[in-house]
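Engineer: Per UniProt numbering, the very first residue in the sequence shown carries number 1; after that it's consecutive.
Please note that the accuracy of each hint is not assured.
[To be verified] List time: in silico BS3-like cross-link candidates among lysine-lysine, alpha-carbon distance up to 30 Å:
| # | residue 1 | residue 2 |
| --- | --- | --- |
| 1 | K374 | K328 |
| 2 | K5 | K41 |
| 3 | K293 | K333 |
| 4 | K361 | K300 |
| 5 | K361 | K328 |
| 6 | K328 | K186 |
| 7 | K4 | K41 |
| 8 | K34 | K20 |
| 9 | K355 | K374 |
| 10 | K41 | K20 |
| 11 | K356 | K299 |
| 12 | K374 | K293 |
| 13 | K186 | K204 |
| 14 | K293 | K355 |
| 15 | K299 | K333 |
| 16 | K333 | K186 |
Derived from the structure by calculation, the hints contain no laboratory data.
Here the structure is a predicted model, which is why all the values come from computation and not from measurement.
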Amino acid sequence: MPPKKRPYVPKTKGCHECSKRRIHCDRNEPSCNKCASRGLKCSGLGIRHRFNKGVAARGKWAGKTIERVYEENSWSLSGNDKHDTIPSKSTSTLSHNLHANNQQHTIFGGSFDIDDFYVPDPYQLCGRTLRGLRQRQELVNADQTEKHSVLISLLLLITAVLVTGGSDFPVLFRMMESAFDAIGGKEGLGTGTLAEFIMRELHKLRVYAAPHLGEETGLEMISSQARTAQLFGCLNHCIDQYPQHSSLSSQFADLVYQARDIYLQQVMSDQTSAFFNFEPVPGNPGSVARLEKFIESLKKIPHTSPVEHMLIWTTFVAASDAQLDEHKAFFEKVLRRHHARSGFGNLLKGIESLKKLWSRKPGERWTSLLPQEKVLVA
Numbered sequence: 001m002p003p004k005k006r007p008y009v010p011k012t013k014g015c016h017e018c019s020k021r022r023i024h025c026d027r028n029e030p031s032c033n034k035c036a037s038r039g040l041k042c043s044g045l046g047i048r049h050r051f052n053k054g055v056a057a058r059g060k061w062a063g064k065t066i067e068r069v070y071e072e073n074s075w076s077l078s079g080n081d082k083h084d085t086i087p088s089k090s091t092s093t094l095s096h097n098l099h100a101n102n103q104q105h106t107i108f109g110g111s112f113d114i115d116d117f118y119v120p121d122p123y124q125l126c127g128r129t130l131r132g133l134r135q136r137q138e139l140v141n142a143d144q145t146e147k148h149s150v151l152i153s154l155l156l157l158i159t160a161v162l163v164t165g166g167s168d169f170p171v172l173f174r175m176m177e178s179a180f181d182a183i184g185g186k187e188g189l190g191t192g193t194l195a196e197f198i199m200r201e202l203h204k205l206r207v208y209a210a211p212h213l214g215e216e217t218g219l220e221m222i223s224s225q226a227r228t229a230q231l232f233g234c235l236n237h238c239i240d241q242y243p244q245h246s247s248l249s250s251q252f253a254d255l256v257y258q259a260r261d262i263y264l265q266q267v268m269s270d271q272t273s274a275f276f277n278f279e280p281v282p283g284n285p286g287s288v289a290r291l292e293k294f295i296e297s298l299k300k301i302p303h304t305s306p307v308e309h310m311l312i313w314t315t316f317v318a319a320s321d322a323q324l325d326e327h328k329a330f331f332e333k334v335l336r337r338h339h340a341r342s343g344f345g346n347l348l349k350g351i352e353s354l355k356k357l358w359s360r361k362p363g364e365r366w367t368s369l370l371p372q373e374k375v376l377v378a
């Protein structure tokens, strides 16, 4: 005789702990008896939520809040992390990507769609740009749009370095100059609004970069009034956009030339023999007076003016020559105010650089130490 079948008993879901042990839960609440007899913490019946009131109920994050979990699993983009080194791996060359992009979009075109606002990973873009620039011969024969795209990509990478406070500016600037030479210079760049923008930015970057590339390069660039005046291209463009601030143009020019004189006085000075045996370096009355004049002129620029942010590089150059504690405190306050407004990481790195320059050894010129600081403050 076949065995009598057991009557069907609908399966009822018990606690999680009993189901994991594959035993029938007695469904006692708030804690089942089977878990209690084994000394287990019973999760009870009902729906089990991964987070209960913002706190993990189980797993390796049990008892931790959502914020804590995110904090432990976040990846920082600080200037000292692995992204400071430009990656060499990527999936395609810059020329291929630029060609594909140019078929779909027009730079600064009149219409936009969702794809126009897509921002690619900057480090992938950097890798593509590096590989594209290795094929420099192709840039000579490239069309105007592709030439512009290469230079715009490099300008974006330089801007990204300013935002993150990275140390890749000298490398990227040399790449920019190499690409500019490869396309045939100003003649190869052509004419038009975009070409004018690229030239304006390149002229500005050449002045900004000169002190960071060595005293000889800095002296050659900064001592030329014509080259220093190239900074005014951006000022004139800004004034065209904000004509109500045109009265500040003369004050801007005055501050640029004051910073120029401060740099030249330092780079052409010889402190080695005069101050070698003094610790700390005694204050130079002429330098102090020049800095006092600069500070008074800078205070006249309204904080709300769009011209003020164009004076960050000028302010940093002047701040490098600070000797008195009150001057150092003033310039640090100015740079922190700019950082509070923009959030650019290069401003905080700039403050660190200034503290190194201020604590230099007797007989050292800060203009000779500036190239060691790879962060551009502008």
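Engineer: Could you run down the list of hints and mark each one as holding or not?
Structural biologist: To see whether the hints hold, each was checked on the structure:
1. K374 to K328: holds, 21 Å
2. K5 to K41: Violated - the C-alpha atoms of K41 and K5 are around 36 Å apart, more than 30 Å.
3. K293 to K333: Within the cut-off at roughly 18 Å; holds.
4. K361 to K300: It is violated: about 34 Å lies between the C-alpha atoms, which goes past 30 Å.
5. K361 to K328: At roughly 17 Å apart (the allowed maximum being 30 Å), K328 and K361 satisfy the hint.
6. K328 to K186: violated, 41 Å
7. K4 to K41: violated, 39 Å
8. K34 to K20: holds, 13 Å
9. K355 to K374: holds, 15 Å
10. K41 to K20: The given pair, whose Cα atoms are some 13 Å apart, holds under the 30 Å limit.
11. K356 to K299: Roughly 25 Å separates the two Cα atoms, so the pair holds.
12. K374 to K293: holds, 28 Å
13. K186 to K204: holds, 15 Å
14. K293 to K355: Holds: K293 and K355 sit about 22 Å apart, inside 30 Å.
15. K299 to K333: holds, 12 Å
16. K333 to K186: violated, 40 Å
Taken one by one, the earlier hints fail for this structure at numbers 2, 4, 6, 7, 16, listed in ascending order.
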